[in-house]
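Asks: Protein chains in written order, with this note's numbering: chain V, 1 to 77; chain L, 1 to 542.
Among these hints, one or two may not hold up.
[To be verified] Just a sample of chain V residues kept apart from chain L, beta carbon distances all over 10 Å, derived: (1) Arg12; (2) Arg43; (3) Trp55.
[What the hints assert, rightly or not] From chain L, some residues computed to sit far from chain V (all C-beta separations above 10 Å): (4) Trp29; (5) Leu168; (6) Val205; (7) Leu253; (8) Phe269; (9) Gly344; (10) Leu409.
[Said to hold, decoys possible] Label pairs and their in silico Cβ distance ranges: (11) L:Arg493 to V:Gly53: 49 to 57 Å; (12) L:Arg493 to V:Arg45: 41 to 49 Å; (13) V:Ile18 to L:Val14: 22 to 30 Å; (14) L:Asn388 to V:Asn50: 33 to 41 Å; (15) L:Trp50 to V:Ile3: 49 to 57 Å; (16) V:Ile3 to L:Ala121: 55 to 63 Å; (17) V:Leu33 to L:Pro389: 42 to 50 Å; (18) L:Leu417 to V:Arg45: 41 to 49 Å; (19) V:Arg45 to L:Lys522: 54 to 62 Å; (20) V:Trp37 to L:Leu133: 32 to 40 Å.
Since the hints were derived computationally from the structure, they do not count as laboratory data.
Please read these numbers as outputs of a predicted model, since none were measured by experiment.
Note that beta-carbon positions come from the ideal geometry of N, C-alpha and C, so glycine has one too.
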Amino acid sequence: MTILHRFGETLRQALGTIPLEFVRVLFVASLVLLLIWILRLPRERVVPENGTGRWDENLKLGASLAIGIQILVYLIM
Amino acid sequence: MPDAENTLSFADYVVVALYLTGTILLGLWIGRRTKTGEDFFLGGRRLPWWAIGFSLVATDIGGTDIIGVGGAAHRFGIAVANFEWIGCVPAMIVGAFVFIPFFYRTGVYTVPEFLERRYNANVRTVMAVCWLLFMACNLGLMLVASARMMSGLFGWHEWTCIIATAVLVGFYTCVGGLAAVVYTDMIQCVVMIAGCLAILFLGIVKVGGISELRSRLDAIPATAEQTPAETEDDVGNISAVEGVDARREATSLILPVDTPSPFPWPGIFFGLALILSPAYWIGNQAIVQRSLGARSEFEAKASYVWGALLKNLIPFIVAVPGLIAIVLLPDLDNSDMAIPRLVGMLFPTGLRGLFVAAFLAALMSSIDSYLNSAATIVTHDLYRRFVNPDVSPQKTLVIGRSVTSVLVLWAVAFAFLLTQMAEDSGLYTIFQTLMAFFQGPAFAILLIGVFWRGATGYAAFAGLLCGIATSITLYALNQPAIYEALGWQPLFRIADPFLYFSVWAFVVTAIVLTVVSLFGPKEDIDRSRYVFRTAFGGGAAK
Chain V
1 MTILHRFGET
11 LRQALGTIPL
21 EFVRVLFVAS
31 LVLLLIWILR
41 LPRERVVPEN
51 GTGRWDENLK
61 LGASLAIGIQ
71 ILVYLIM
Chain L
1 MPDAENTLSF
11 ADYVVVALYL
21 TGTILLGLWI
31 GRRTKTGEDF
41 FLGGRRLPWW
51 AIGFSLVATD
61 IGGTDIIGVG
71 GAAHRFGIAV
81 ANFEWIGCVP
91 AMIVGAFVFI
101 PFFYRTGVYT
111 VPEFLERRYN
121 ANVRTVMAVC
131 WLLFMACNLG
141 LMLVASARMM
151 SGLFGWHEWT
161 CIIATAVLVG
171 FYTCVGGLAA
181 VVYTDMIQCV
191 VMIAGCLAIL
201 FLGIVKVGGI
211 SELRSRLDAI
221 PATAEQTPAE
231 TEDDVGNISA
241 VEGVDARREA
251 TSLILPVDTP
261 SPFPWPGIFF
271 GLALILSPAY
281 WIGNQAIVQR
291 SLGARSEFEA
301 KASYVWGALL
311 KNLIPFIVAV
321 PGLIAIVLLP
331 DLDNSDMAIP
341 RLVGMLFPTG
351 LRGLFVAAFL
361 AALMSSIDSY
371 LNSAATIVTH
381 DLYRRFVNPD
391 VSPQKTLVIG
401 RSVTSVLVLW
411 AVAFAFLLTQ
421 MAEDSGLYTI
431 FQTLMAFFQG
441 PAFAILLIGV
451 FWRGATGYAA
461 FAGLLCGIAT
471 SITLYALNQP
481 AIYEALGWQP
491 LFRIADPFLY
501 FSVWAFVVTA
511 IVLTVVSLFG
521 PKEDIDRSRY
531 VFRTAFGGGA
541 AK
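If we strip away everything but chain L, and leave its shape as in the complex, we get:
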């Protein structure tokens, strides 16, 4: 049943239709210039820094984030903003001046391609498959998240939402490739920021101002009720765990080790800021790819700096509304509905269309990027690498478009599978957990390989496999069905300890890589052109 507060008027539909029409037309117009594989996958290396910067932010903020980050802020407090602040900005700045210019000079299309040049084909293949699996699953997740939200809010049929989104995004991504993705992302980023700013502004007005919001959050009892969590859903909920300083948890970025939320400071600092964040901004194909399409090395750097500046704004517009919901919706029992319910409460008829457009913008800007990047990986790291290395630029374009179409079909099929599953965990947490399996190991081999000439391909491959196995083992040992069968306690005390998985997987990968490099078989091939000191000291690593 649709929420009665969220019935869309004709004016709302007009706003949504205008946004969708503008996006599709822009994608088609850009698509006219797409003639070769390089145009399709790297925008012909003609993309300006400002468009890439917007696109970086739009890609990172998906529809799941607009609901999920606000919902997590409602459930756990402002600590979730760490994912947008210390979990993004420092890594983007380091990426801008160290890694991105390095990748740009090598002229690669994908991060796995760089890893083959630095290590060997095995490492490239494992990483390509990991990224492909992650992106393909994520496409389905994003479609389902959006469909559930639109269905809950407006009573639209879930399947209509999934198919309509997939067809629209698939269409302009197929036609225009990365250039269409980047330019539509730019518009989508502006629409998304406008819609979320409207929630923030109207929410603060409704509460009675920023100081009133602060004082009402401070009025949350300093110590929550002494009632232990009774249901699985209560685990990790700050208001349901015995003895937790709920006031501090709601308004502080830095949470103690024993917080019941998934965001204790060691996880945020060691897991997020030092590992997952750089792994994402430096090693995620969907992110890095657009900067490889920049007009110059300087513009590639500038795009990351511009993106980092924009990123500072994001928590204010996606996380703070979750805090507003704590105040305005004290009886809300499903945090994932915090933002949709706020929209229903705050937005007058006619303005809700702006939020729907913002949500669609966030969703589409992420789906198009993952579609294009997944197609790049299939085409370059699998097809061109193993099937037909001499494929022509025109044929590459055909293959890229065909793969994109297949991925759209896959995303719809996977979304169907997901809709048949029970929704027993926050969507945001599922997304983070998927990445945590291989992001730590991937970052370890990238980081060590770029800075240490002695790292070998055998060692990187062994380290990568051991690291991924570590993540999966830790995840499995933390599942109730497994640790209860073994008669154990869970390995981690906090809910959803995905940040810790990445830390330990990184550590295991780094140790294996180092030990095998030092004591394992040596390699005859000189790969020093792909080591930072040699490459920057001795010219471009072509």
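Okay, chain V solo, but in the shape it has when bound:
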């Protein structure tokens, strides 16, 4: 056993003590944080420069939908 093996084994054992339910929360929480970040993006970063102001020109919609599906997937599977 080298120092690398001992370090790796310690890390592996530490990570192995984390329950999978908590890991799922970690995955989903990361996605939720990303969703919140998307929703808080300033308007000028999500609409075209000379846009008409139509709702479907706002990229927040598509981005939120993409991440929303991910949240559902990681909640269910």
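Based on the hints, put chain L in the right spot on chain V.
Replies: Just chain L, lined up with the frame of chain V:
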């Protein structure tokens, strides 16, 4: 010998011929507008967001993925879908709103070019060479993977498949450049999705519905047989490892640390979601290049968002068929044959042509992108940077086409080398391992350089080299021939720990970059225009 179930009829050949003819004609038609280097490498910056979005997905899903992801799902369970979900979608969204508009404003052709502006020429050159090596090897891998599949399924000669694919893709890529690549990718993406949806639909019907599929997967014994792995091929196989909860492994995205598969959750979360995925979607030239060809910065962002939406669908059509194969083909011993065997079982004569077209579409859409991007790197990061900086736009086009032709020849030669090697590992794993060597270090210098003004060129170069050396060392120390010679145990417990290589390589690069930047030589050149806060706060970084 061809699989008797997979004999193609005249109607199948007609479907394949229609697809190939349509693709070539479209590529030629697009090629008429290609007059300069900018047309060839960036589509004249006239590409629409919807075509780029399709192209992003088509490029990412290659022929190796249609076989490999389905095969990995058959072997390891649905956890392989992480590569298409958390391993793609979040990074694409972050890329859309942070990195892609930033690159677009700088007006660069390649990611290594951006790295030179931010750091120095050494960093650019190392990254250009890394990407070039990766793309060039990957071209050969993709050709071999497709040829083996077509040979196994239909009895076609392996070499005929390799040469035919290389010539067809090389032809329209050479003529039309990135625009031809993007528009043909769009058609290829639709064909690919249609073919894979057909497998999914017919597979679920054959099993008896989604609930029946679920219940039959749940019927896999909760604890696999108490027989340790006896052959090398059994390592990492969920049904062959002692004490593994095979039911959970087949149907769960999140696997424990001690899973025998290559997808334990720390690897997926830290290695894939936080490092390899953003490195791929933000730093991979073959991916980023098409968004640099968008009509506007907004369309570049929109293409990534559209791609992310499409990406949500992909695991259902490429990974779930692997689960269907667990149920329908319980005695299958070679997971790479899961999807081909399903096609033979499910598709009637006449419909198999659709699958062949889908497979060819996936394959061609990846090969054309890597061809064009590799040619871009050779032309811009090597030729124009070191040989002839004042080359005219027309000459650039000639060079781009010449390099593309040479790369096609190289791909065929490398494919020949690969066909002489033993096939002792999944193709998908080989692909991932190649990227893991330098993706982590590349992402570390990109990320830190974009967000930290204090990062210096010396430090980035040192960090990059140390990071790549770390990946290669870890890989070597995990090879039986080496650790047995040293009298060691393997460093990692899981099969194919490429996700962990990238984590440690990223960490080493970040540490070296930070320490050398703080305590090493300082630079006089002001590169703050290529730092996110300065650039977005003070206008475009031209």
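Asks: Does each hint fit the structure? Answer for all of them.
Replies: So, going through the hints one by one against the coordinates:
The non-interface label for Arg12 (chain V) is inconsistent with chain L: the shortest C-beta to C-beta separation is roughly 6 Å, within 10 Å. At roughly 12 Å, the least C-beta separation between Arg43 (chain V) and chain L is larger than 10 Å, which holds for a residue marked as non-interface. For Trp55 (chain V), the condition that its CB be more than 10 Å from all CB atoms of chain L holds, with the nearest at approximately 14 Å. Distance check for Trp29 (chain L) against chain V: the nearest CB is about 28 Å away, which clears 10 Å, and the non-interface claim stands.
At roughly 33 Å from the closest C-beta of chain V, the C-beta of Leu168 (chain L) stays outside 10 Å, upholding its exclusion from the interface. Every CB of chain V lies more than 10 Å from the CB of Val205 (chain L), the least distance being 22 Å, so the non-interface label holds. Leu253 (chain L), annotated as away from the interface, has a beta carbon of chain V within 10 Å; the closest lies near 5 Å. Here Phe269 (chain L) does not stay apart from chain V, with its beta-carbon only about 7 Å from theirs, under the 10 Å limit.
Non-interface call for Gly344 (chain L) relative to chain V: holds, since the shortest CB-CB distance, roughly 29 Å, exceeds 10 Å. No beta-carbon of chain V comes within 10 Å of the beta-carbon of Leu409 (chain L); the shortest separation is about 40 Å. A hinted range of 49 to 57 Å holds for the C-beta pair Arg493 (chain L) and Gly53 (chain V), which are about 56 Å apart. Distance hint check: the CB atoms of Arg493 (chain L) and Arg45 (chain V) are about 44 Å apart, consistent with the given range 41 to 49 Å.
In this structure the hint that Ile18 (chain V) and Val14 (chain L) lie 22 to 30 Å apart at CB is violated, the actual value being about 55 Å. The hinted window of 33 to 41 Å between Asn388 (chain L) and Asn50 (chain V) holds, with their beta carbons roughly 39 Å apart. With their beta carbons about 53 Å apart, Trp50 (chain L) and Ile3 (chain V) fall inside the hinted range of 49 to 57 Å. Ile3 (chain V) and Ala121 (chain L) have their C-beta atoms about 37 Å apart, which leaves the hinted 55 to 63 Å range violated.
About 44 Å separates the C-beta atoms of Leu33 (chain V) and Pro389 (chain L), a value consistent with the hinted range of 42 to 50 Å. Our hint of 41 to 49 Å for Leu417 (chain L) and Arg45 (chain V) holds, since their Cβ atoms are close to 47 Å apart. A beta carbon spacing of about 33 Å between Arg45 (chain V) and Lys522 (chain L) contradicts the range 54 to 62 Å that was offered as a hint. At roughly 35 Å, the beta carbons of Trp37 (chain V) and Leu133 (chain L) sit within the given window of 32 to 40 Å.
Checked against the numbered hints above, the structure violates hints 1, 7, 8, 13, 16 and 19; every other hint is satisfied.
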